[in-house]
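Peer 1: Residue numbers (the UniProt record's numbering), protein chains in the order written: chain A, 1 to 829; chain B, 1 to 213.
No lab work stands behind these hints, which were simulated from the structure alone. A couple of the hints might just be wrong.
Below, computed lysine to any residue pairings styled on SDA-like, alpha-carbon distance capped at 20 Å [claimed, not checked]:
{"#": "1", "chain 1": "B", "residue 1": "Lys59", "chain 2": "A", "residue 2": "Gln388"}
{"#": "2", "chain 1": "B", "residue 1": "Lys86", "chain 2": "A", "residue 2": "Leu314"}
{"#": "3", "chain 1": "B", "residue 1": "Lys59", "chain 2": "A", "residue 2": "Arg304"}
{"#": "4", "chain 1": "B", "residue 1": "Lys206", "chain 2": "B", "residue 2": "Gln34"}
Chain B residues, not near chain A, derived (Cβ > 12 Å throughout) [to be verified]:
{"#": "5", "residue": "Gly41"}
{"#": "6", "residue": "Ala82"}
{"#": "7", "residue": "Trp137"}
{"#": "8", "residue": "Ser143"}
Over 12 Å on every C-beta distance to chain B, these chain A residues come out as not near it, computed from the model [unchecked claim]:
{"#": "9", "residue": "Pro4"}
{"#": "10", "residue": "Arg244"}
{"#": "11", "residue": "Met264"}
{"#": "12", "residue": "Ala278"}
{"#": "13", "residue": "Gly310"}
{"#": "14", "residue": "Glu323"}
{"#": "15", "residue": "Leu330"}
{"#": "16", "residue": "Gln418"}
{"#": "17", "residue": "Asn470"}
{"#": "18", "residue": "Ala486"}
{"#": "19", "residue": "Glu584"}
{"#": "20", "residue": "Asp597"}
Even for Gly, the Cβ is constructed at its ideal location relative to N, Cα and C.
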Amino acid sequence: MQIPWRAAPRAALSSPLTLVVSIATTLLLSFVVAAAVLHGSSAGSAAMTYQEGRLCEQSVHPVLDGNTGFDAARGAAEKAVREAGDQPVLAGFYTGVGRPDFGGLATYGRFGFREGATDHLTVLQGGSKDGVWVPESIAKAAKVELGDRGENGALPPVTAIYADLSHPVDEWWCSEARQVVPNPIGGDGESASVIWMPSLDSMKAVLAGHERVALTVRFPQAELPRTIAEADALRVKGNALLARIGAPVTRSDYLKKPVEVAGMAGGNVGSAILPLTAISLLIGLAGVGTVTLQWVQRRHGELRMLWCRGSGPLALGGRAVLELGLPLVLGGALGLVAARLLLPVYAPSTALAAGAVLDASIWVLGVAVASLLVVVAVATWKTHRTFQGRPVVLRRRWVSAVPWELLTAGLAVFSWNQLVRNGLGTSEKGSSLPTIDTAALAFPLLVVLTTALVAARVLRLSLGWSHHANMWSRPAAQLAVRRLAAAAGPVTGVLLVGVLAIGTIAVGSSVAAAQKSSLAEKSGRFVGANSTVQVSQDLALGRIAIPEPLRGNTTLVGVSDKTLVVDPATFTDGAYLGDTSPDEVRSALNGLKKTGDFAPALRIGRSSTTEIRVPGLPLLRPGPQLPTFPKLGTRGYVIQRDSVPGLEQVGSWHLWSTLPMTELTAALRTAGVHYTNVQDRATVLDGLPFLIVQWTFGFVAAVGAVLAVVAAIALLLAIEVRRRQNAVSGALSTRMGLRPAMLLSSHLMELGALAAFAVVVGSTASAVSTGFAVPELDPAPWLNPAPVLPNLAPLLLTTVAGSMLVVFAAAWLALRSARVARIGELIRG
Amino acid sequence: MADLLQAQDVHVTYRTPAGSVTALADVSVSVPDQGMTVLAGPSGSGKSTLLRVLSLVEKPTSGEVLLNGSPTVPLSAARRRALRRKDIALVFQNPADNLITHLTVADNLRAAAQAAGRPEDVEAVLEQLGLPGTENWRVPALSGGQQQRLAFGCALARGASVVLADEPTSQLDAVSADLVLQTLATLPVPVVVASHDPRLISLADKTFSMVAA
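One chain only, chain A, in its complex shape (with noise of 0.2 Å):
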C-alpha cells in the first residue's frame, strides 16, 4: 500500500472537527439501531416480567392438581420429589369441606396439610408446631380452645389458633387461594377455613383411607424468568419432569400463554418501531453521505494531485474509507455501548434475550459496513464527477426539486385512513394483544415530517426572497436575515433535523403518556373505584357498621344487574369518577327522590328511557341522563339507595373505596368484617396492550431525543465551521461601530428565529396531529374511555428551556470567535 493510503488513518487526526463529526454520526446511526434491537428484545422480556407479575409466584413453573385418593396423591406427591432432584417441591393436600367435630357447635371446615403452611399463617394463641392449627373462625364457632382434640379425640390436640387467610394473600399462598381462602359470605358449606395437620401421617389418620382429597404440587422457583428464552426453557424442563412423574392428576403450564403473548409483544414492538428506525438509519447513512463529501472538498487539493499522478476514482474512494473508517467503526461501537448502557433510560426492561446484544452487535456491524460502503461510494461518485466526468450545467438541485412533501402528506392521508378504520390493528375484545398496524401508528410521525418538509421549504424560499427586506433600522435584525440566507442550506437542515426531534419527542411521549393514562382511567371506570371488596347485606341493613377508617374514603354500592344502588352521601367519596365533575355527580344523584311507588333512575349513555324493571328493585323511572358513569360504562341505571325498600333483595353489596386494596382489607380484617370478590384497579384489567404501544412510542421518543442532539450538535458546528467568517465580520462589524451587544443580539435573533420557528411548528404539528390520533391509538376500545391527550405544557417548556440553552451556547460562541478574532486573521486572503 501507498503512502498516502498508508498513513491515511493518522490524517483523520489533522482534522479533530471532521474526526468527532464522523465518531458522532455513526454514534447516533448506531445507537438507534442497536437500540431498535434491544427495545424489542427488552419489549418481549418485559412483556413476560409483566405476565408473570398477573400469575401466582408459585404457579410460573408447570405445575399438578387433582383430585384423588390420598395414597395415589401422596404417592404423586413423593415421587414429584423424587424427579425434581434440586427442585424445590412443594405439595399441598385438602380434604373436601366437612364438618369436623370439636365437641361444640357444628362449622364448616376441611383439613390440610402443606410443608411449611404453619410458617406463612398469623399465629393468635399458641404456635407449637406439633399440633393441630386451627383457623380463628372455626375456633369462634365451635369454642375450640387449644389442648382441645377434635374428632373424639382422633385428632391430635390443639397447638395454635391462626387468623383466617384472606384476600389478598401473599405470594407463598397464591396459588393455593382457592383452597385456602374461604369465602365468608358464601353460602353454608361452599368453603371453609382449614384446619392444618402437623403431618401427612395424621392427616391420613383423620382420613382413615376413604376420602379422596384436592392435591396441589408446586415448584417454587428462587428466581422467575426474566426473559422469554428463559419462561421458555422453565416450561419445557417443568414439563418433562410432569411427564416423567406422570401421575393421574391434571399438569398445568400457565406460562405457555404468557410465553406466546410476550412473544407476539416482542414482535409488534419491534415491527412497530422498524419503520422509524429504516427513517433513522436512511437519515444516518445519509448523515455519513454529508460527511464524506465535506472530506472530498476538504481533501481536495491532495485528491487531485493523487488524480494527477493517476490514481483512479475508486482507489481515491478508498483512501476516504481509510481516513474516515476508523472514527465510523469507532462511532458504531461507541453507539452500541451507549445502547446497552442507556437500556434502562429508554427500554421497558433492562431484561434482554441471550442473543440480543450479540444481534445489535451483528446489525450494528451491518451498520458499520453500510457506512463504510456510503463512504466509498460517494468519495468515488464524488472524484469521479470532479476530475473525470464532463463540466455540467448547474441545475436545480433534484433533492430540493422533488416535492417531497406532497408524498409525505399522502402516506399520512394513507395511515389516517387505516388509522380511523382499523384502529391500531386487530383489537378485538377478548383478544389478548392487539396486532399493531405499523401504517396506523405511523400517521403522527408523518404528520410531522410533512410539516417538517412544508417549513423547511417555506425557509428556503424565504432565505432566498430575504435580499429584498431592507431593516438596517434594526441593524441587528438586518445581521441576522443577511447571516441566515448566506448560511440557507445548513438552516434549513437544522430546522428540518429540529422539527422532527421536537415533533417526534412529542409524539412518543404524548402517545406513551396517554396510554399510561388511559390503563388507569379505564381501570378506574371498570372497577369503579380504587378497589372494591364484595361484602354482605349487613353493611346496607345496618347490622353492621362501616368501620371508622374507611369513612370519607369508602361507599357502599349494590349491584343488580346493570343497576347501581348508591348512597348520594358518600358515593363521590369512594368511586373513581375519572374527569367527572364530583359535584356533577352529587348533584344527579340527589336529584334522585323517590316517589310513589318509582325509584327515580339516573340513565347512563344510551340506555333506554323507558321504564324497567330489576329483580330485587322498584320499577325504575329513568330521568335525568349522564354519559358515563363508573363500573357501568355507557349503559346501565343508578338509584339512590333510599329508593329501594327492600336492601337485602339487591343482588350483591360492595364496598368502592379510594383506598388501596390492602388498606381497604386490612381496615375490614381488624374490624371483623367479612368481605370477598375483591377487585384492585392496578391490576384488574391487563395491560399489556397498552404497555405495548406505550413502549413503540417511548422508543419513538427516545429517537427524538437522538435527533435532537442531532440537531443541537448541527447547530453548534455550523457555527463553528463558519467561525472565521463569523470572526472576521463580527469583528469588521464591531470596528465600524457595532456595539457587542448588537452583535450578541443579532446571533441571538438569528439562532433563536430557527429555535422559535422549529419549535412553534414542531409542538404544533405534533400536538394537531396526536390530538386526532391518540383518541384512535385505543387498545380497547370497549372500555371507556378514549384515551387523551395529555397537557403538553410541561414538555412544551422544556422544549423552549433546552432550545434556548443551545441558542445561548452557539450565540456565545459565535460572539466569542468575533472578540477574540485578531487584526491578523482580518487582513489574512
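Guided by the hints, dock chain B onto chain A, whose structure is given.
Peer 2: Structure of chain B alone, referenced to chain A:
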C-alpha cells in the same frame, strides 16, 4: 528535437448556466522532448486549460493530444491514468496543493516515487533541490518557495517524462520565485510552464503566446 507532446486543433468548451463558454479554440502546440516550453498569456487566455489538456487530466471537446506521437483522446480513462502515472507530472499554482501536508518531506518524495513505481532516493533529490536535512520536516514547516521546489522534487522522484507547471511562481515572493526558477532550469526533463512571469518567459526555450478571445 522530437516532439514529446502535441496538441492538434484542440477545442475546449464548458457548459454553464449562462450558456457555452469556449476556453480553447483550435489550439495547436508542440512540446519538444527537452528544454522549457512556456505557455504565456494573460489571465483568461486558457493557459491552465491547455495545461490540463496536455497533462491528460482533461479531455478536449475536440482535437487530439499526442504523447510521443500516440493519440491519447480516444484512450479509456484507465489508460490515460496509466500514462499520467508513468510519464506526466503536473505542478499546481498553490504550493500546498502539490504536497500531502500531513506527511513529512521525505514521505512526500517517497509517495511520489511509489505512485510511479520507482525506487526512492530521497536524499539525492533533496540535495538536488537544495533542501538537504529537511527529510523529517512536516510540509507546513517549509516556506512557500521550499514547498514549490519540493513539488518539483516529487516530479523528479516520479521519473516523469515531462513536467507541467501552472503559474509556479505566482504565489511566491521574489526570492522564493528565483529559487524555484533555478530549480526549473536544472530539471533534467522537458518542462511546460503556464505563466505570465517575464523572468520565467525569459528562461524559455520555446514560448507560445496565448490571447484571450
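Peer 1: Which of the numbered hints above does this structure break?
Peer 2: Going through the list in order, the structure violates hints 6, 9, 13 and 14 and respects the others.
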